[in-house]
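Colleague: As a plain string of letters, each chain reads:
There are 2 protein chains.
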Amino acid sequence: MSEAATAQAARAAIGDSEFDRDTAVTLREPGVYDIDLSAGWTIISAVNGGYLLAVLGRALSHALPHSDPFTVSAHYLTASQPGPAVVRTDADEGREVERIRVLASYGDLDALPDDVRTTATPPAIPPMEHCFGPEDGPAPVDGSSAITERLMLKLDPATLGWALGAPSGKGEMRSWFGLADGRDPDPLSLLLAVDALPPTAFELGISGWVPTVELTVHVRCRPAPGPLRVSITTRNLAGGFLEEDAEVWDSADRLVAQSRQLARVRLS
Amino acid sequence: MSEAATAQAARAAIGDSEFDRDTAVTLREPGVYDIDLSAGWTIISAVNGGYLLAVLGRALSHALPHSDPFTVSAHYLTASQPGPAVVRTDADEGREVERIRVLASYGDLDALPDDVRTTATPPAIPPMEHCFGPEDGPAPVDGSSAITERLMLKLDPATLGWALGAPSGKGEMRSWFGLADGRDPDPLSLLLAVDALPPTAFELGISGWVPTVELTVHVRCRPAPGPLRVSITTRNLAGGFLEEDAEVWDSADRLVAQSRQLARVRLS
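Heads up: the protein sequence lines correspond to chains A and B, in order. Residue numbering for the first sequence follows our numbering, starting at 1 and increasing by one per position. Residue numbering for the second sequence follows our numbering, starting at 269 and increasing by one per position.
Incorrect hints may appear among the rest.
To be verified - The following residues of chain B were derived to be distant from chain A, with all beta-carbon distances above 12 Å: (1) Thr294; (2) Asp304; (3) Ala426.
Stated by the list, open to error - Reference excerpt, derived from the structure (chain B facing chain A, CB under 10 Å, subset only): (4) Ser285; (5) Asp302; (6) Lys438; (7) Ala464; (8) Leu483.
It is worth saying that the hints were derived from the structure and are not from the lab. We put the CB at the ideal spot given by N, CA and C, even for glycine.
The shape of chain A in the complex, shown without the other chains (with noise of 0.2 Å):
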C-alpha cells in the first residue's frame, strides 16, 4: 500500500487535518487575518492556486455570518511564495445600495501572439434568415423589455422551443448577436454579449426572473466586425441555482469571448 493510501486509511478528520492546519488563518484585527503559507503545498516554487483560494476562503468563513463559499473569483496578481502573508477581508452584506462588484485584468488584445490551437468550433447556428427575433412575433419575453430594442438578436429555432410553448428540455441557446444600430463589435461590448440572450432555463421549463449571482467574461480576441455568434449551455441545474457558460465567435470564425455565470433559479 502506498503511502498515500496508507494515509487515506488513517481518516484524518475535517477540521484537524494537514489541509486545515495548513489554511487556518489567526484573527489580527477584524477583518484582518494573518498565515503562514504552508511550504507543503508548493507547486515547482510557487504555492499552489487552488491552496491559496482556500486560505482566503477560510478566512472569509470567519469573516461572513455564512461559512459556505458559494462563488468565489480570484485574481493572481503575483506568484505566491510560503512564508508569513496577510488576508484582508472586506465583507459587504449587501445592505447598501450597491449594486455590482468587478475585479477584472486589463491588457493589449493586439499585442497577444497570432496562434490559435482551440479545439473548439463554432456553434452550428442557421444562417441569419433562417433564425428568429422578437420582431418576428408577437414579443416572445412576458412584459417587452427595452433592451430588445437595443439589439439584433436571431435566435435559432432549435433552441425557441420556449416561446412555443414546448421547451427542448435541453439548457441551450444560441443565436446572432448584434446592436440594433449596426455598431461593430469590440472588447466591451462582447461584455454585453455574453448576458443578452433569453435565459437557457427558458429551455428547461423554467420561466421568470433568473438573476445573476456572479459573471466572468475572459475576453480573448479583439472581435472582427460583423454579427456575433452565441452559444450558451447549462449543464447543472440543482439547488436552485443554474451555471450559464457562454462562447462568442466572430465573422472570421474565432472565439473572441468566454463566459461563466452562476445564476439564481425559482423552481415552481
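Got chain A; can you put chain B on it based on the hints?
Modeller: Quick look at chain B alone, frame taken from chain A:
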C-alpha cells in the same frame, strides 16, 4: 426590412453608437465615474447584467493604462435600476506584493433545495486501482513538488500521455482527488480540488509553468465523504492564453463544484 435590419444597414460606428453613448461614464474625481444608467437596456424592470458589466468595463478602460478587458469577474449584489449611478474603480497594477484578490458570495449550502435537474454526467474515470499517481513511477513533473505529498491524485491513464512523452493533443485531464491524510472533502477543500491536477496544457504538448490569471469556483453542493473525481477540459488555446474548465464530482455522483480559470501559456 425590420427596424433592426434597417439600422444594421446604417451601421453606427464604434465610439458613436447607442451602446457607446449609453455606457459612457463621466469622470467625477480620480477613480470615480458618474453614469446615468439608460432605461434602454432593461429586461423586465431591471438593468441587464451585461450592459452593467460593459459600463464598469468602460470605466476601467479609462482608469487603467490598458483599455482591453482580459477577464472581468462580477458579483451582482442587488438588481440595478435605470438612473444615476456611481462607478468606483480601484486600480491595482500589481506593483505591490499583493498576490491574489478575491470576490466571493457566501451562504448556507444546507439551506438550498434538494432539486437536481442536471444533465451533466460524472466523468468516465477508470477505477482508482487502474489510475496512476506520482508514487506509481518516476516523478512525472520536473522538480518534484511538495504539493504532490499532500494530495491523493490518481490520474486517468487516458490523460497521462504527457508523462510518457506522448501527449494526446486533447485538452483533457481527469483524476481521482483526495487529501493524502484521508480528510474528507468539504466546501473549502473544493477550492483546492479545482486547481490541483497537472495542467491540461501538458496534454497539448506544452510543458512548464501555466500561471493562473483568474479562477472562479462555484460550489454547488456540500460534498459527500470519500474521494472526488475531477475532470478538466480546455477548448481554446489562443493568443498565449487558455481556459481550464473543471468539474468536481463526489462519491454520491453529485456535481459539487464547477470552475473556470484563465491561464497564461508560453508557446515554444
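Colleague: Sort out which numbered hints this structure fails and list those numbers smallest first.
Modeller: 5
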